[in-house]
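Protein chains: 2
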Amino acid sequence: MQIPDYKDVLAAHERIRPWIHQTPVLTSSYFNERTGAELFFKCENFQKAGAFKARGATNAVFGLPQESLAAGVATHSSGNHALSLAYAAGARGIPCHVVMPHTAPQAKKDAVMGYGGQITECEASTSAREAAFAELQARTGADFVHPYNDPRVIAGQATCSRELVQQVSELDVVIAPIGGGGMISGCCLTLTAIAPETAIYAAEPQQADDAARSLKAGRLIADDAPQTIADGLKVPMKDLTWHFVREHVTDILTVDEQSIIDAMRLVWQRMKIVIEPSCAVPVAAILNNPNVFANKRVGIIITGGNVDLERLPWQ
Amino acid sequence: MQIPDYKDVLAAHERIRPWIHQTPVLTSSYFNERTGAELFFKCENFQKAGAFKARGATNAVFGLPQESLAAGVATHSSGNHALSLAYAAGARGIPCHVVMPHTAPQAKKDAVMGYGGQITECEASTSAREAAFAELQARTGADFVHPYNDPRVIAGQATCSRELVQQVSELDVVIAPIGGGGMISGCCLTLTAIAPETAIYAAEPQQADDAARSLKAGRLIADDAPQTIADGLKVPMKDLTWHFVREHVTDILTVDEQSIIDAMRLVWQRMKIVIEPSCAVPVAAILNNPNVFANKRVGIIITGGNVDLERLPWQ
Numbered sequence: 001m002q003i004p005d006y007k008d009v010l011a012a013h014e015r016i017r018p019w020i021h022q023t024p025v026l027t028s029s030y031f032n033e034r035t036g037a038e039l040f041f042k043c044e045n046f047q048k049a050g051a052f053k054a055r056g057a058t059n060a061v062f063g064l065p066q067e068s069l070a071a072g073v074a075t076h077s078s079g080n081h082a083l084s085l086a087y088a089a090g091a092r093g094i095p096c097h098v099v100m101p102h103t104a105p106q107a108k109k110d111a112v113m114g115y116g117g118q119i120t121e122c123e124a125s126t127s128a129r130e131a132a133f134a135e136l137q138a139r140t141g142a143d144f145v146h147p148y149n150d151p152r153v154i155a156g157q158a159t160c161s162r163e164l165v166q167q168v169s170e171l172d173v174v175i176a177p178i179g180g181g182g183m184i185s186g187c188c189l190t191l192t193a194i195a196p197e198t199a200i201y202a203a204e205p206q207q208a209d210d211a212a213r214s215l216k217a218g219r220l221i222a223d224d225a226p227q228t229i230a231d232g233l234k235v236p237m238k239d240l241t242w243h244f245v246r247e248h249v250t251d252i253l254t255v256d257e258q259s260i261i262d263a264m265r266l267v268w269q270r271m272k273i274v275i276e277p278s279c280a281v282p283v284a285a286i287l288n289n290p291n292v293f294a295n296k297r298v299g300i301i302i303t304g305g306n307v308d309l310e311r312l313p314w315q
Numbered sequence: 001m002q003i004p005d006y007k008d009v010l011a012a013h014e015r016i017r018p019w020i021h022q023t024p025v026l027t028s029s030y031f032n033e034r035t036g037a038e039l040f041f042k043c044e045n046f047q048k049a050g051a052f053k054a055r056g057a058t059n060a061v062f063g064l065p066q067e068s069l070a071a072g073v074a075t076h077s078s079g080n081h082a083l084s085l086a087y088a089a090g091a092r093g094i095p096c097h098v099v100m101p102h103t104a105p106q107a108k109k110d111a112v113m114g115y116g117g118q119i120t121e122c123e124a125s126t127s128a129r130e131a132a133f134a135e136l137q138a139r140t141g142a143d144f145v146h147p148y149n150d151p152r153v154i155a156g157q158a159t160c161s162r163e164l165v166q167q168v169s170e171l172d173v174v175i176a177p178i179g180g181g182g183m184i185s186g187c188c189l190t191l192t193a194i195a196p197e198t199a200i201y202a203a204e205p206q207q208a209d210d211a212a213r214s215l216k217a218g219r220l221i222a223d224d225a226p227q228t229i230a231d232g233l234k235v236p237m238k239d240l241t242w243h244f245v246r247e248h249v250t251d252i253l254t255v256d257e258q259s260i261i262d263a264m265r266l267v268w269q270r271m272k273i274v275i276e277p278s279c280a281v282p283v284a285a286i287l288n289n290p291n292v293f294a295n296k297r298v299g300i301i302i303t304g305g306n307v308d309l310e311r312l313p314w315q
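Residue numbers (full-length UniProt numbering), protein chains in the order written: chain A, 1 to 315; chain B, 1 to 315.
One should not assume that every hint holds.
[What the hints assert, rightly or not] Computed footprint of chain A on chain B; a stretch qualifies when at least three of its residues, placed anywhere within it, have a C-beta under 8 Å from a C-beta of chain A:
#1 45 to 56
#2 262 to 270
#3 300 to 313
[As the list claims (entries may be wrong)] Some but not every residue of chain B turned toward chain A, in silico, with C-beta under 10 Å:
#4 Pro-24
#5 Leu-26
#6 Ser-29
#7 Ala-107
#8 Ile-273
#9 Val-274
#10 Ile-275
[As the list claims (entries may be wrong)] Quick list of simulated restraints, FRET-style, between CB atoms:
#11 Phe-144(B) <-> Thr-27(A): 27 to 37 Å
#12 Gln-315(A) <-> Gln-206(B): 20 to 30 Å
#13 Gly-63(A) <-> Gln-206(B): 49 to 59 Å
#14 Gln-206(B) <-> Glu-67(A): 51 to 61 Å
#15 Phe-144(B) <-> Leu-309(A): 31 to 41 Å
#16 Arg-219(B) <-> Arg-92(A): 51 to 61 Å
#17 Ala-124(A) <-> Ile-221(B): 56 to 66 Å
#18 Glu-310(A) <-> His-21(B): 29 to 39 Å
No lab work stands behind these hints: they were computed from the structure.
C-beta atoms are modelled at their ideal positions from N, C-alpha and C, and glycine is treated no differently.
Based on the sequences and whatever the hints tell you, model everything.
Have a look at this one:
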């Protein structure tokens, strides 16, 4: 297990800068009044390819050695990592192969193909996905860029919290959703290095709470194919992300499905931004746990904005 | 007819600054590639009360003399002006009475009441609205703040294009939707004073094209209660706004309903921002008329983001 360090984050930030946005930080007087906290929304829904995953993917793709370029890259992903890898591969002009569950939102499939990515569909379980991927990789010889359990990807995601710390001073807390744990691991990597006073919280759907149970049990628990509206958060942690979570995360708060939908709708309505269900999970966690966050300066990673506009959860 | 001038815009900007946001200007590589133009989206959907109308309303409310405060303000509005006047009156702590068509989106009614405004409902036609309002005003003695045909309101709206010109240099064109013409009049007021090289375009639904027909005919034509998805654009121009449009608008482009819906959906999907149908009208006009806008630097006023999330037009 190769654990990335903060020097890798600095190198990643230099490498990916031409290919990603420095996303804005938004505030909302409504949410501040409602929560009693000072909230800073780091808007990765405005990121290239619509999600923070462009950071890790471009870091992996633009760090590839010359001899790997012809075979290109490959991955399996519930959506945003696939988009982002296709975006990054398209930017470098190399092939990109993606295994996606057939249940992934059509908007994400269309976007992968729009960037020139090639999709192989599979069943929705983690095990089915990994089997389909093994076949693909054997056939193409492409470099596997794991959606989160990859030091290049984690170093790339870590540039997000680095920007946030540069944009907003003296944060008491940073909170992000947790699925596989790539973003949270990146937060751990950055914040322990340059903002060690900032507490790191994760938020997770109750219906896919393997990370919360892992933290409580002190050992890695991985569920296969849990069901939640937050489709980016169905995947389990792996050894590398579990390392960061176990070492540095203060707590993992879980929220029910209705709270996720309500929080998502409220952000759309009040802040006029399109966010995915996954990023509504930390917002719901803050709304449901005012005692944890009141009177604190809280950075929230808004992880992405790729939703099927035809299938909104409150309709 | 009292015609505001640029000194009124400067005074308005000073007066309203504590109560409004300087909204950001967003760009989109997708829309730039798609249109061949360089587009700058002035995001008044992020404005207080969710629309540019907060500018004109706060200018009127905070300019009121002491002796008018007890009776407060009153208006009739298809929605955003009502919200904005309620917001401004709430900020100054004075009463706000609003006549609204019963067909106005529930989200707008709720928001007016949330700011402390008092609603009187009426039928959806302009004539019915004006009759209900006359009764209300006689009863309360409140100061009438017209949604657009008011020099205080136009001077306030004009601060939006002033910000835009300060944020983005050398615009070839500014385009905004036209309903009653308050925003467009504000653009005329500002741009003729400080950016006289910038052409001013308006965009209008084909199904509510009285402004386009007026400009072509050279005389004011006012339809009563046209039907369009762009509910903010159903009202007709009046003498003051017609003065600015006739004098300074290069052209008024009209677009069909499906183009409005498609453009709205595309902005949500690609830019991850929530915009109303009204602000999709200029976006649709640019997509439908590439010959007019290609190779130009184009500022687009995104007028607001107040939509009923339960009733989206593509569902």
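Evaluation of the provided hints:
With 3 residues having a beta carbon nearer than 8 Å to a beta carbon of chain A, the segment 45 to 56 of chain B meets the requirement of three or more and the stated coverage holds. Only when three residues or more bring their CB closer than 8 Å to a CB of chain A does the claim for the segment 262 to 270 of chain B stand; here the count is 3, and the claim holds. Counting residues of the segment 300 to 313 of chain B whose beta carbon lies closer than 8 Å to any beta carbon of chain A gives 4, which meets the minimum of three for the stated coverage. The interface hint given for Pro-24(B) is met, as the beta carbon of that residue sits about 7 Å from the closest beta carbon of chain A, less than 10 Å.
Taking 10 Å as the C-beta contact cut-off toward chain A, the hint placing Leu-26(B) at the interface holds, the least distance being around 8 Å. This hint holds: Ser-29(B) has a C-beta 9 Å from the nearest C-beta of chain A, less than the 10 Å allowed. Annotation: interface hint on Ala-107(B) holds; nearest CB of chain A at approximately 7 Å, less than 10 Å. Look at Ile-273(B): its Cβ gets to within about 6 Å of chain A, closer than 10 Å, so that hint holds up.
The interface hint given for Val-274(B) is met, as the beta carbon of that residue sits about 4 Å from the closest beta carbon of chain A, less than 10 Å. A least Cβ separation of about 8 Å between Ile-275(B) and chain A falls short of the 10 Å threshold, and the interface hint therefore holds. A beta carbon spacing of about 34 Å between Phe-144(B) and Thr-27(A) agrees with the range 27 to 37 Å that was offered as a hint. For Gln-315(A) and Gln-206(B), the Cβ-Cβ distance of about 28 Å falls inside the hinted range of 20 to 30 Å, so the restraint holds.
In this structure the supplied range 49 to 59 Å holds for Gly-63(A) paired with Gln-206(B), their Cβ-Cβ distance being about 52 Å. Distance hint check: the CB atoms of Gln-206(B) and Glu-67(A) are about 58 Å apart, consistent with the given range 51 to 61 Å. Checked against the given bound of 31 to 41 Å, the beta carbons of Phe-144(B) and Leu-309(A), roughly 39 Å apart, stay inside it. Between Arg-219(B) and Arg-92(A) the beta carbon distance is about 59 Å. The supplied range of 51 to 61 Å therefore holds.
At about 57 Å, the beta-carbon gap between Ala-124(A) and Ile-221(B) stays in the expected band of 56 to 66 Å. Evaluation of the 29 to 39 Å hint for Glu-310(A) and His-21(B) yields a pass: the beta carbon distance comes to about 31 Å.
Figure legend: structure checked against the earlier numbered hints; every hint is met.
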